[in-house]
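J.: Residues per chain are reported as follows:
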Amino acid sequence: MGEGIKDRVAIIGMGCTRFGEHWAKGPEDLIVEAFTEAIGDAGIETKDIQAAWYGSCYDEFNVGKSALPLSRTLKLPFIPVTRVENLCASGSEALRGAVYAVASGAYDIALALGAEKLKDTGYGGLPEMSTILGTKSRVIFPSISAPGAFAMMATRYFSKYGMTAEEGKRILAKISVNSHRNGAKNPKAHLQRVITEEDVLRAPIIASPLGLLDCCGVSDGAAAAIICRADMAKDFRADPVLIKALQIGTSSGEELGYTRWDGSYVETTGRTAARAYEEAGIRDPRREISMMEVHDCFSITELVTYEDLGISPRGRARNDIEDGFFTMEGRIPSQPDGGLKCFGHPIGASGLRMLYEMYKQLQGRAGERQIKDPTIGLTHNLGGFPQMNVVSVVLVGL
Amino acid sequence: MKGIVSYGAYLPISRLDRDVIFEGMGWLHQGTYMKGEKCVANFDEDSVTMAVASAMNCLEGYDRDYVDGLYLATTTSPFKERRCAGIIATALDLKGQIRSADFTNSTSAGTSALIAAIDCISAGSANSILLCASDVRVGKPGSSQELSFSDGAACLLLGSEDAIASWEGSYSVSYDFPDHWRTDSDKADRSWEDRFGREEGYRRFIPEAISGLLSKYNLQPKHIAKVIFPGIYQRDHASICTRLGFEPGQVQDHLMTAMGNTGTSYPLMILISALEDSRPGDRIVVAGLGNGSDALLFQVTEGIEKVKDQKRGVKGYLESKIQLESYEKYLAFRDLVSPEAGIRGEVMPYTALSLTWRDRREILGLCGTRCKKCGTPQYPAQRVCVNPDCRAIDAMEPYRFSDKRGKVFSFTGDLLAFTPNPPGIYAVIDFDGGGRYWFDVTDCDLESMKIGTPVEMSLRRRYVDERGGIVGYFWKTVPIRF
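Protein sequence lines correspond, in order, to chains A and B.
Positions 0 to 397 (numbering that gives the first Met the number 0) are the ones given, in order, by the first sequence.
Positions 0 to 481 (numbering that gives the first Met the number 0) are the ones given, in order, by the second sequence.
I should point out that these hints are in silico values taken from the structure, not numbers from a laboratory.
Computed from a predicted model, the values in this text were never measured in an experiment.
Do not rely on the hints blindly, as some may be mistaken.
Stated by the list, open to error - Below, simulated BS3-like cross-link-like pairs (lysine-lysine); rule was C-alpha separation at most 27 Å, straight line: (1) B/K406 <-> A/K159; (2) A/K187 <-> A/K173; (3) B/K320 <-> B/K403; (4) A/K135 <-> B/K403; (5) B/K371 <-> A/K135; (6) A/K64 <-> A/K135.
Unchecked claim - So the derived list for chain B, only partly shown, Cβ under 8 Å to chain A, looks like this: (7) V250; (8) W356; (9) T375; (10) F410; (11) F417.
As the list claims (entries may be wrong) - Facing chain B, according to a computed beta carbon distance under 8 Å, are these residues of chain A, among others: (12) D6; (13) R7; (14) I204; (15) G252; (16) L255; (17) T258.
Ideal Cβ positions, reconstructed from N, Cα and C, are used throughout, including at glycine.
Work the whole structure out from these sequences, hints included.
T.: In structure tokens form, the structure reads like this:
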């Protein structure tokens, strides 16, 4: 690995819309809203932005292809703008473009913005995904959905650790309950309702063993970050947030093609997190990380991610969950903004939305949800399926 | 010795009790009532997929390169133009240099194709022909055909030597008999008065063909171990046998009660069930019906002993079944009602036909690759080895997965993704001998699925694009039935 980008790049402004079913708002409204908040927060104007990266996943279905939806909406004055797409890591991928551009010295100030308008697709849940790997996957994939692919990981996890589906579902229920507890305190969250374990267990099955309340919200929204050279950041604000590590990892194909992977975890997350910890100089993530926003598209994803990130020992996330380790009062509060579960999941915006919460928390601006004196925040995206995926791990600190 | 070298049958797993049909539609024509059950193709099956299933059974243990030709007999082809025998041959991973033909437009097509195959072998044009007969038969709701028609496929491998039942000859009668017909646009048969078909057709053509056959080869009924013909009119079936001089012990069960009238495969289905119980030396007479009748004569050889308990024939499939409790579900499976599919069922990404052609061996034939360096089988076909300790580039040989069994690695029952028969079950499968991939699972209920459940592969209609007229044939897994 090279030197990495630790402390070379700072975030000086961020914006995020409320996520939800914005029947009355189009992509333009969401993009402008997130952008306006971000430049206002940074104290800059549009003309100060030298380059931009734009993340969205379901291109034709909602926002449109290429970088034009971003540049035309914001009237970016003929600067370089790039659209990136890497499934649910698209927002973090946009961040990566902007961060690497600034770290390289090519630009001083760059914009990363992610947006998705899922509620113009007509689907409950994510749109049909049979062509996710092209026209051939349309023929040779099973009739798969996201909850189904992750449900298969739950079945493997329960089996490996000797849990019945009922026992397993009860552990997963605690995860959703925690997210709803946090989301209920977040005015920008899609779902702001407190729920009980019994609510989760009684919810209708979506893909066995996962029920409706094991699944995250499917939402519209946008989020943006203004990225700046670290040595200039204090010119804009007293409390810039520094990028400590930014790593992406992608499946090699062996999970679904070779018989070594046991299906109860996500191989890519562990590998990506290890690189991120090395980049940031973190030796003991369980002690050094203050808070996290992980990719809880489904409750089981959050459970295995605790282990894949090296926070909980293998097979022991259950104990940490039962001990309240990840609650707001616990050692590493997780999903303080409600997570994908409650804040919602407009795919291209999600990575930047997670960063928005870490940024606010580090600056002590998280209001009712403020975590005491955090030093390192972690965001994690998992795009695709446990069987083949794209993962991002971002570490930020003061 | 030329004749039948191997056989295989296939009956779909679902059975519909005729009482269930009658409860639904019997109010319309009360006189249609009949006992027993019919076999019902699953929503993802058709004449092509069932033919493949029967052929997989028939070819088990045979090198696929042995097959010189493939004939399909069907009256329910999914296509008016596109040779279904070609789809089947590709799915079976047969070599391209074979002859193929579809025989159609009469329920006699099964016996007619058999005669044509034998003639081809006799002429020395081929050493072997694989004959599939397959139908998904639809009767109008409330009709007697709806009760008696059944779905299934029979397959015979015919060859110039090593026959388990040698070909002894045939006798055919052909008439343009208008008892029933179906035009280009009809979904179900139209028919003239039922008594006409029975008196003027069934009771005349079958005796004419069978007695013609016996006299042609100088045989008496006492020389015949089993006589076989469709049991379309059950009382008449018995009286025809008596009239021809056969004792009840010589008459093979016509399977009308347990199976129903499976169309082109029907006489072959009864033939297979007779072979399953036959002894060397037995002479078997088989007659079909449809615009006349073909009567065929076989004599069972010593070879039968090696085959009869090894093959999946009719007996096993008759016992392996799940009762379909709902008549409405049957109507939906056969597209006789149009249930709400929702946006997920209606929105269809296009199918790239140049791609499915280019990758036909991989898609229709379910051939992946095996790394010659490390031996790892992999699906879909790869250029770079998936084994993390190998990663060899372009060291692959073709590897067929369709005839491999496997075990369920993980699974789910999905109520979000569209399927005509929810929940949509799919699974990651670890193949015996190596290789892992994910497939839809069909012919089972979620409750019976477990990690480790043994499965095999079955070609299905994975999706149908109504707008483009495209059937997306691909393989699913099914729990091993028996």
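J.: Decide, hint by hint, whether the structure agrees.
T.: Results for each hint:
1. Between B/K406 and A/K159 the alpha-carbon distance is near 16 Å, which keeps this suggested pair within the 27 Å criterion.
2. Proximity of A/K187 to A/K173 is assessed by CA-CA distance (about 22 Å); at most 27 Å being required, the pair is judged to hold.
3. A C-alpha spacing of about 23 Å is found between B/K320 and B/K403, which places the hinted pair at or below 27 Å, so the restraint holds.
4. Proximity of A/K135 to B/K403 is assessed by CA-CA distance (about 22 Å); at most 27 Å being required, the pair is judged to hold.
5. Straight-line distance between C-alpha atoms of B/K371 and A/K135 comes to about 25 Å, which keeps the hinted pair within the 27 Å bound.
6. Restraint check: the Cα-Cα separation between A/K64 and A/K135 comes to about 22 Å, which is no more than 27 Å; the hinted pair holds.
7. The closest approach between the C-beta of B/V250 and any C-beta of chain A is roughly 46 Å, which is over the 8 Å cut-off, so the hint fails.
8. Nearest Cβ of chain A to the Cβ of B/W356: about 12 Å, over the 8 Å cut. The hint is violated.
9. Annotation: interface hint on B/T375 holds; nearest CB of chain A at approximately 7 Å, less than 8 Å.
10. Taken as an interface hint, B/F410 checks out: its beta carbon lies about 6 Å from the nearest beta carbon of chain A, inside 8 Å.
11. Because the closest C-beta pair between B/F417 and chain A is about 7 Å apart, less than 8 Å, the hint holds.
12. Checking A/D6 against chain B by beta carbon gives a least distance of about 34 Å; that is not within 8 Å, so the hint is violated.
13. Because the smallest distance between the Cβ of A/R7 and any Cβ of chain B comes to about 33 Å, over 8 Å, the interface hint for this residue is violated.
14. Among the interface hints, the one on A/I204 holds; its C-beta lies about 6 Å from the nearest C-beta in chain B, closer than the 8 Å criterion.
15. Satisfaction of the interface hint for A/G252 is found here, the shortest Cβ-Cβ separation to chain B being roughly 6 Å, below the 8 Å cut-off.
16. Interface hint status for A/L255: upheld, as the beta-carbon distance to the closest one in chain B is roughly 6 Å, under 8 Å.
17. Taken as an interface hint, A/T258 checks out: its beta carbon lies about 5 Å from the nearest beta carbon of chain B, inside 8 Å.
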